[in-house]
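> What follows is the residue order along each chain.
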Amino acid sequence: MRLLSWGNYPKIENLTFSFYKNSTLRHIIDKHNELIPYGNGRSYGDSALSKNIIKVRTYNYFLNFDKTNGLLHVQAGVLLSEILDVFVPRGWFLKITPGTKLITIGGAIASDVHGKNHHVDGCFSESVEMFKVMLPDGEIVKCSKQENSELFKATCGGMGLTGVILDAKISLKKINSKYINQITIKTRNLKETFEAFEEYKGKPYSVAWIDCLAKGNELGKCLLMVGDFSDDGNLDYQTKNKLNIPFNFPSFLLNTLSVKVFNFLYYGKVRKKVSKQIVDIDTFFYPLDAIDNWNRIYGKNGFTQYQFILPIETSFNGLEEILKKISNSGKGSFLAVLKLYGQANDNYLSFPMKGYSLALDFKIEKGLFELLDELDKIVLKYKGRIYLAKDVRVRKEVFEQGYPQIDKFRSLRRRYKMNNKFNSLQSQRVEI
Amino acid sequence: MSYILIVGAKSDIAKAVARKYAENGYDLYLAARESIELEDFSNDVKIRTQKVVKCVELDILDYVKNEVFYNSLKEKPLGVILAVGYLGEQEKSQNNFDETLKIISTNYTGVVSFLNIIANDFEKRKSGFIVGISSVSGDRGRKSNYLYGSAKSALTTYLSGLRARLYKSNVHVLTVKPGFVATRMTVGMDLPEKLTAQPIEVAEDIFQAQQKNKNIVYTKWVWRWIMLIVKSIPEWKFKRFNI
Numbered sequence: 468m469r470l471l472s473w474g475n476y477p478k479i480e481n482l483t484f485s486f487y488k489n490s491t492l493r494h495i496i497d498k499h500n501e502l503i504p505y506g507n508g509r510s511y512g513d514s515a516l517s518k519n520i521i522k523v524r525t526y527n528y529f530l531n532f533d534k535t536n537g538l539l540h541v542q543a544g545v546l547l548s549e550i551l552d553v554f555v556p557r558g559w560f561l562k563i564t565p566g567t568k569l570i571t572i573g574g575a576i577a578s579d580v581h582g583k584n585h586h587v588d589g590c591f592s593e594s595v596e597m598f599k600v601m602l603p604d605g606e607i608v609k610c611s612k613q614e615n616s617e618l619f620k621a622t623c624g625g626m627g628l629t630g631v632i633l634d635a636k637i638s639l640k641k642i643n644s645k646y647i648n649q650i651t652i653k654t655r656n657l658k659e660t661f662e663a664f665e666e667y668k669g670k671p672y673s674v675a676w677i678d679c680l681a682k683g684n685e686l687g688k689c690l691l692m693v694g695d696f697s698d699d700g701n702l703d704y705q706t707k708n709k710l711n712i713p714f715n716f717p718s719f720l721l722n723t724l725s726v727k728v729f730n731f732l733y734y735g736k737v738r739k740k741v742s743k744q745i746v747d748i749d750t751f752f753y754p755l756d757a758i759d760n761w762n763r764i765y766g767k768n769g770f771t772q773y774q775f776i777l778p779i780e781t782s783f784n785g786l787e788e789i790l791k792k793i794s795n796s797g798k799g800s801f802l803a804v805l806k807l808y809g810q811a812n813d814n815y816l817s818f819p820m821k822g823y824s825l826a827l828d829f830k831i832e833k834g835l836f837e838l839l840d841e842l843d844k845i846v847l848k849y850k851g852r853i854y855l856a857k858d859v860r861v862r863k864e865v866f867e868q869g870y871p872q873i874d875k876f877r878s879l880r881r882r883y884k885m886n887n888k889f890n891s892l893q894s895q896r897v898e899i
Numbered sequence: 003m004s005y006i007l008i009v010g011a012k013s014d015i016a017k018a019v020a021r022k023y024a025e026n027g028y029d030l031y032l033a034a035r036e037s038i039e040l041e042d043f044s045n046d047v048k049i050r051t052q053k054v055v056k057c058v059e060l061d062i063l064d065y066v067k068n069e070v071f072y073n074s075l076k077e078k079p080l081g082v083i084l085a086v087g088y089l090g091e092q093e094k095s096q097n098n099f100d101e102t103l104k105i106i107s108t109n110y111t112g113v114v115s116f117l118n119i120i121a122n123d124f125e126k127r128k129s130g131f132i133v134g135i136s137s138v139s140g141d142r143g144r145k146s147n148y149l150y151g152s153a154k155s156a157l158t159t160y161l162s163g164l165r166a167r168l169y170k171s172n173v174h175v176l177t178v179k180p181g182f183v184a185t186r187m188t189v190g191m192d193l194p195e196k197l198t199a200q201p202i203e204v205a206e207d208i209f210q211a212q213q214k215n216k217n218i219v220y221t222k223w224v225w226r227w228i229m230l231i232v233k234s235i236p237e238w239k240f241k242r243f244n245i
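Keeping their order, the protein sequence lines are chains A and B.
Take the first sequence: its position 112, counting from 1, is numbered 579 in my numbering, and each next residue is one higher.
Take the second sequence: its position 172, counting from 1, is numbered 174 in my numbering, and each next residue is one higher.
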């Protein structure tokens with residue numbers, strides 16, 4: 468059997484195990500090594516790939532909902548989309564949501580995902596009241612910021628390497644509409660982009676699409692989209708019909724020219740410097756979920772997403788240098804996403820820090836990893852780091868320098884004998 | 003209120019069907035043996051849908067009690083979905099008649115015993131629907147699972163006759179023929195991904211077909227064409243295949 472990650476790279480053989488009961492899971496953990504939990508397969512790289520995979524998706528009951536405080540208790544295999552289907556019509560929304568709703572609660576915790584509101588509300592772990600995790604010896608431990616706080620800090624962002632998350636209580640937030648009042652700001656270069664982020668940082672949600680093939684004095688031009696929920700009382704939320712990419716596109720379809728054309732049209736369709744729109748939840752938060760299997764446009768060899776973050780002080784210079792390098796390489800992508808972040812949290816391996824992050828998709832091809840190694844050097848020079856949920860190739864030395872709490876994580880793994888039981892291709896590569 | 007009765011509610015297909023009907027506004031009776039084990043699931047459906055979900059104890063192989071059970075339901079269901087099934091082990095059943103009997107009675111005799119009662123009531127009321135989950139295995143006997151296949155084949159034939167009988171009484175009968183489905187029943191089998199449905203897809207197909215009063219639905223749909231080919235292979239050739 469070959470279970471893949473979202474990037475369709477690498478392709479390795481693996482054994483998969485599903486469970487419906489704790490006792491079954493305990494048995495699986497007892498009998499096998501080199502295990503890694505796998506949610507809905509949306510992490511891009513090799514963080515959920517291993518010889519033996521525990522599929523958590525079948526463990527998906529809603530356990531309780533307290534409407535007085537919006538606290539929802541669910542098993543780890545529940546998808547964010549299932550939560551939205553149930554609760555948006557009742558006026559509740561996720562406090563923190565990433566750019567896809569097709570991930571499990573377990574995956575959201577393990578990657579400590581973040582969203583367009585990170586600069587205001589932080590990572591997914593901020594909405595986690597408590598979770599339970601099964602450790603290598605089969606023991607089930609309850610973790611929160613107060614209780615077993617070390618395990619909490621290791622597991623949020625711990626890429627499934629501390630055990631299998633079983634269920635979690637997360638707090639939802641009240642909304643009064645399925646619509647977002649959006650403002651789109653068109654900028655002409657990186658300086659204007661930064662100024663726009665700064666000007667609109669009071670808005671709870673913000674993200675920028677950046678043209679990574681633009682050069683010279685257009686370097687860093689973007690469309691910045693900011694917004695907040697409307698108040699119109701319309702909660703009639705239904706998922707729309709989806710497009711589907713039925714097979715892998717031939718990989719030559721995606722080249723410098725086609726990306727340039729796309730970028731030109733996408734950027735060009737917005738005429739005014741500042742414009743306003745009313746868009747629904749799916750359009751604003753989950754634009755790519757509207758296309759099933761969009762990862763297939765990168766062809767059968769797969770793709771990766773390179774996402775790094777730089778501290779606020781070095782962000783401008785660092786981004787300028789990296790964007791120049793990318794636009795000169797000609798290896799660009801449709802999706803280059805720039806975002807301003809708020810303060811880092813205490814979790815050992817959470818990605819965000821106060822600064823700017825850029826995420827770019829690249830199809831896997833000759834010369835790509837060499838380019839990314841070059842980019843790594845610039846990221847390190849400016850004291851940044853790489854996001855494990857997207858990564859498939861970062862070297863140990865590069866990874867380590869970005870995460871100062873890595874030794875705490877490693878020693879906790881040894882103490883609980885997690886390193887003998889739970890491993891992914893990624894954890895073996897970066898030795899965590 | 004409008005109840006749907008799902009029998010064999012512990013199966014993965016039944017659970018997906020239960021969520022689907024509740025999401026579409028129906029209340030549920032979930033019937034199974036040791037129905038206490040369904041409490042967590044019924045709680046899940048209640049939170050998701052805010053519908054009434056009742057777990058009820060039923061063993062359709064306890065033939066004499068089937069009528070008692072049905073009479074005990076205060077509010078009679080609008081429709082009944084039968085998701086009882088037992089795959090069994092072909093090789094074991096060849097040497098062990100208990101296993102043979104279990105396969106036949108779970109997949110056929112028990113279902114018939116139960117549906118006879120439902121059919122009489124629905125016929126009298128002149129309304130309702132019955133969904134029986136059969137299998138593509140019933141379309142042709144293969145050496146690797148012909149006991150299960152023959153029981154499902156009998157069920158398919160029964161449902162076909164029942165459909166004809168109840169047609170004039172405005173009661174609709176749907177025969178569902180799943181191919182491979184990724185469930186607890188098939189865990190550990192190496193199933194071809196493109197031909198294997200998830201329970202949620204099967205539930206979607208069942209719901210759509212039932213709402214549109216279809217007679218027979220294959221799920222995934224491609225199995226209709228696969229089975230057309232399988233059925234058209236002459237017996238002298240088919241008996242030589244190792245499937």
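It is worth saying that the hints were derived from the structure and are not from the lab.
The reader is advised that the hints may include incorrect statements.
In silico DSS-like pairs for lysine-lysine, Cα to Cα no more than 27 Å straight-line [said to hold, decoys possible]:
{"id": "1", "chain 1": "A", "residue 1": "Lys-488", "chain 2": "B", "residue 2": "Lys-48"}
{"id": "2", "chain 1": "A", "residue 1": "Lys-522", "chain 2": "B", "residue 2": "Lys-216"}
{"id": "3", "chain 1": "A", "residue 1": "Lys-707", "chain 2": "B", "residue 2": "Lys-128"}
{"id": "4", "chain 1": "B", "residue 1": "Lys-56", "chain 2": "A", "residue 2": "Lys-636"}
{"id": "5", "chain 1": "B", "residue 1": "Lys-170", "chain 2": "B", "residue 2": "Lys-56"}
{"id": "6", "chain 1": "A", "residue 1": "Lys-488", "chain 2": "B", "residue 2": "Lys-128"}
Have a look at the derived ranges for each label pair, beta carbon to beta carbon [said to hold, decoys possible]:
{"id": "7", "chain 1": "A", "residue 1": "Glu-864", "chain 2": "B", "residue 2": "Glu-91", "range": "52 to 62 Å"}
{"id": "8", "chain 1": "B", "residue 1": "Gln-213", "chain 2": "A", "residue 2": "Glu-841", "range": "33 to 43 Å"}
{"id": "9", "chain 1": "A", "residue 1": "Ala-811", "chain 2": "B", "residue 2": "Arg-226", "range": "52 to 62 Å"}
{"id": "10", "chain 1": "B", "residue 1": "Glu-91", "chain 2": "A", "residue 2": "Gln-868", "range": "28 to 38 Å"}
{"id": "11", "chain 1": "B", "residue 1": "Arg-226", "chain 2": "A", "residue 2": "Pro-477", "range": "47 to 57 Å"}
{"id": "12", "chain 1": "A", "residue 1": "Asn-701", "chain 2": "B", "residue 2": "Val-232", "range": "28 to 38 Å"}
{"id": "13", "chain 1": "B", "residue 1": "Glu-41", "chain 2": "A", "residue 2": "Ile-607", "range": "51 to 61 Å"}
{"id": "14", "chain 1": "A", "residue 1": "Thr-483", "chain 2": "B", "residue 2": "Arg-226", "range": "25 to 35 Å"}
{"id": "15", "chain 1": "B", "residue 1": "Arg-144", "chain 2": "A", "residue 2": "Lys-709", "range": "49 to 59 Å"}
{"id": "16", "chain 1": "B", "residue 1": "Lys-145", "chain 2": "A", "residue 2": "Ser-878", "range": "31 to 41 Å"}
{"id": "17", "chain 1": "B", "residue 1": "Gln-213", "chain 2": "A", "residue 2": "Ser-878", "range": "53 to 63 Å"}
{"id": "18", "chain 1": "A", "residue 1": "Asn-536", "chain 2": "B", "residue 2": "Asn-45", "range": "11 to 21 Å"}
{"id": "19", "chain 1": "B", "residue 1": "Gln-213", "chain 2": "A", "residue 2": "Ile-607", "range": "51 to 61 Å"}
Ideal Cβ positions, reconstructed from N, Cα and C, are used throughout, including at glycine.
> Confirm or reject each hint.
Outcome of the hint check:
1. Lys-488/A - Lys-48/B: holds, 20 Å
2. Lys-522/A - Lys-216/B: Violated: Lys-522/A and Lys-216/B sit about 35 Å apart, past 27 Å.
3. Lys-707/A - Lys-128/B: violated, 37 Å
4. Lys-56/B - Lys-636/A: holds, 26 Å
5. Lys-170/B - Lys-56/B: Given that 27 Å is the threshold and the Cα spacing comes to 31 Å, the pair is violated.
6. Lys-488/A - Lys-128/B: violated, 42 Å
7. Glu-864/A - Glu-91/B: 52 to 62 Å: Check passed, 54 Å falls within 52 to 62 Å.
8. Gln-213/B - Glu-841/A: 33 to 43 Å: With a Cβ separation near 57 Å, Gln-213/B and Glu-841/A fall outside 33 to 43 Å, so the hint is violated.
9. Ala-811/A - Arg-226/B: 52 to 62 Å: holds, 56 Å
10. Glu-91/B - Gln-868/A: 28 to 38 Å: Given range 28 to 38 Å: violated, Cβ gap about 56 Å.
11. Arg-226/B - Pro-477/A: 47 to 57 Å: Hint violated: Cβ distance 37 Å, outside 47 to 57 Å.
12. Asn-701/A - Val-232/B: 28 to 38 Å: violated, 51 Å
13. Glu-41/B - Ile-607/A: 51 to 61 Å: Between Glu-41/B and Ile-607/A, where Cβ atoms are some 20 Å apart, the hint is violated.
14. Thr-483/A - Arg-226/B: 25 to 35 Å: holds, 29 Å
15. Arg-144/B - Lys-709/A: 49 to 59 Å: Since Arg-144/B and Lys-709/A have Cβ atoms about 36 Å apart, the given range 49 to 59 Å is violated.
16. Lys-145/B - Ser-878/A: 31 to 41 Å: violated, 58 Å
17. Gln-213/B - Ser-878/A: 53 to 63 Å: Cβ of Gln-213/B to Cβ of Ser-878/A: about 58 Å, so the range 53 to 63 Å holds.
18. Asn-536/A - Asn-45/B: 11 to 21 Å: For Asn-536/A and Asn-45/B the Cβ distance comes to about 19 Å; the hint holds.
19. Gln-213/B - Ile-607/A: 51 to 61 Å: Violated, since Gln-213/B and Ile-607/A (Cβ atoms, about 42 Å apart) do not stay within the stated range.
Checked against the numbered hints above, the structure violates hints 2, 3, 5, 6, 8, 10, 11, 12, 13, 15, 16 and 19; every other hint is satisfied.
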